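Use these hints to put chain B onto chain A, whose structure you have.
Going line by line, the protein sequences match chains A and B. Its first residue numbered -5, the first sequence is counted upward by one per residue in this note's numbering. Its first residue numbered 16, the second sequence is counted upward by one per residue in this note's numbering.
If you're looking for bench data, these hints aren't it; they were derived computationally from the structure. Just so we're clear, the structure is a prediction, and the values are computed from it rather than from any experiment. Please note that the accuracy of each hint is not assured.
To be verified - Now the in silico label distances, taken between C-beta atoms and shown as ranges:
{"#": "1", "chain 1": "A", "residue 1": "D89", "chain 2": "B", "residue 2": "D21", "range": "17 to 23 Å"}
{"#": "2", "chain 1": "B", "residue 1": "T150", "chain 2": "A", "residue 2": "E162", "range": "49 to 55 Å"}
{"#": "3", "chain 1": "B", "residue 1": "E295", "chain 2": "A", "residue 2": "L78", "range": "40 to 46 Å"}
All C-beta atoms, glycine included, are put in the ideal place defined by N, C-alpha and C.
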Amino acid sequence: MSFKNTLMDGHIDETTRQVTRLWTLAQPKVSAFVTAVVRDFKDRDDLMQDIAVAVFESFDRYDPERPFVQWAMGVARNQFKVYLRQRKRHLAVFDPETIEVLETAFSEMPAAASRELDFLQDCLKSLDGRGRELCELRYQDGLKPAAISETLKLPGTAVRKALQRIREQLRACVERKAAAEGMGS
Amino acid sequence: MSRDIDELINGYLDESLSEEESPELADWIKADPAHARQFARAAMLHDRLQSELNAGIEGDEADDDAEAGNVVAFPGASVGRWLIPLAAMIVLLMTLLLREAPPQKRASEAPPEIGGFATLAHSVDAHFAESKALTIGQRLEAGAIQLAAGLIRIQFDSGVEVTLQGPAHYELLKTNLTRLNSGLLTANVPPGAEGFRVDTPTAEVTDLGTSFGVHLDEDGASHVSVFDGEVEVAEPDSGEKKRLKEGEQAVVTSDRKLESAEFDAKPYGRIWPISFGVVESTGSFELAPPWPRRPALINSDKHIYLFSDGYRRRLRHPLLVNISEPGEVVLRDELTPKVITVGQIVRSFIVQHQPESSMPRPEAKRARGSITFDRPILGLITQLEELRASSGRFSKRKVRGQPRTQLEFTGTPAGDRVTLSADRRTLTVDLAAPNGSTDVLRVIIDARPP
Chain A
-5 MSFKNTLMDG HIDETTRQVT RLWTLAQPKV SAFVTAVVRD FKDRDDLMQD
45 IAVAVFESFD RYDPERPFVQ WAMGVARNQF KVYLRQRKRH LAVFDPETIE
95 VLETAFSEMP AAASRELDFL QDCLKSLDGR GRELCELRYQ DGLKPAAISE
145 TLKLPGTAVR KALQRIREQL RACVERKAAA EGMGS
Chain B
16 MSRDIDELIN GYLDESLSEE ESPELADWIK ADPAHARQFA RAAMLHDRLQ
66 SELNAGIEGD EADDDAEAGN VVAFPGASVG RWLIPLAAMI VLLMTLLLRE
116 APPQKRASEA PPEIGGFATL AHSVDAHFAE SKALTIGQRL EAGAIQLAAG
166 LIRIQFDSGV EVTLQGPAHY ELLKTNLTRL NSGLLTANVP PGAEGFRVDT
216 PTAEVTDLGT SFGVHLDEDG ASHVSVFDGE VEVAEPDSGE KKRLKEGEQA
266 VVTSDRKLES AEFDAKPYGR IWPISFGVVE STGSFELAPP WPRRPALINS
316 DKHIYLFSDG YRRRLRHPLL VNISEPGEVV LRDELTPKVI TVGQIVRSFI
366 VQHQPESSMP RPEAKRARGS ITFDRPILGL ITQLEELRAS SGRFSKRKVR
416 GQPRTQLEFT GTPAGDRVTL SADRRTLTVD LAAPNGSTDV LRVIIDARPP
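Isolated chain A (complex conformation) (with noise of 0.2 Å):
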């Protein structure tokens, strides 16, 4: 393919800068996809990788005249589905039409959404020291909240509660930083 033999000659070219540009705009939104349709942390990441080559592989059938983010998301519903092929792991926890329902809402999505999450991180500063905990145990950790009340000595409905209010906390800390920016979404 010309896309590859142009990176292994070491230079980059115009098509490849685009290419590029429009991944790294897209990306956010197509990985929020895969963590809506695919529930585990490491099958995620390497789906991702998976939808990454082939959205560069793929390039030259893109149609600029279409959004691209439509089109990415796209390539990923494919991947998405080759992937469940080859693993024939229980992947998939909604049915097709759902998926189909989630693709169009991520594709539609404003870019704002996005965007605002880039205050997650001053946010997380916010977090008391159960929370930050409670946060780094399930994200850092990959534990599930069974897992976690083990390791915390509480109810399991206290630690679902818990990562419950810590979103609705985060998400309310976020929309109120975009806000004040004047980027509410």
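Structure of chain B alone, referenced to chain A:
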């Protein structure tokens, strides 16, 4: 709707939805595009939270100055995910496209067509009794393994690695439940696979994120030694439990008494190298003992020590290595730098030569040796910048401070030499550590199942 919708959404994100609840959530999503948008936004926050918090790990564990350059987050993490310079992005994409294994091949790496939940990863002089002989690469499902002699290493799909020393009778029951009826084993349980259990006739050993050993003696007592992390040992009849930390040992006697015991790693002397995939070592090479594990404390004029650094893991960020091609490196311009791409399953080891005497010496102490792994070496990290960037990425605890020295490829008598064999399995080093300094390099092994 039987449950509050927010609870359902959060249940999905926390992987705690029941089989009945998933379709309930799906129906709600389909009922209204506004619902789909609400769920999409929740998933987006969840996705970003995961990226932010994991980007933090690298930042916390490596020094700030180690982040520059080659720990670029893509695509899973995000300190700079939105700020990656275009050029860096392109380099990453090039490495993505040029990686050795195409996506199709990599995706089929965990054999999906064949059943089972583990793979026989390695065997050394293994003889099997009664049960059929097992071959390397063979998928294993629930069943008993009668190992008459020799050693085998089993790689579970969950990431757990169990090394078994014969004679032993070991049963795989479920992906996270096994039973040792006789013999000796070590288990390495990476983060995410906690809860892995080894039962014995007298004890239940539950991992809490760790590396540990279990062996049954002739009297039927079960000895449990913890090399890293923490395990829980229970005597099932009385329900008595004990938590053991690294460097601790307990025994459940044949009359079912749970007692603390003196830590003794000697029984694991033979199994230890195999559990790390080390086939052979020659010259000055020594595998660091199970305990104590702090490299800073291990000085030796004679020995080059190999330390395991963390667990088998999938790279979440690209990793820059300095030597990636077979051959000898004597001069700095013979380095063959390369980026190991995201998604690759690796294991990291540290090679250290730290002479003990602090007295000034006219010349550097030299140590030579080679070490052979049962899996290919993907790359070696020998230069300061890359050593620092990779420090703390593989084990959560800081086994050592920031590296201060690097290998010196000067071609002079005081220079270092490193050779990677043609089959990538053997590393030969000839190291000169000048006065009071330490030579350190990191070895990155391909840890995919065979």
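These are the hints, each one checked on the structure:
In this structure, D89 (chain A) and D21 (chain B) meet the distance hint of 17 to 23 Å, their C-beta atoms being roughly 22 Å apart. The hinted window of 49 to 55 Å between T150 (chain B) and E162 (chain A) holds, with their beta carbons roughly 53 Å apart. In this structure, E295 (chain B) and L78 (chain A) meet the distance hint of 40 to 46 Å, their C-beta atoms being roughly 42 Å apart.
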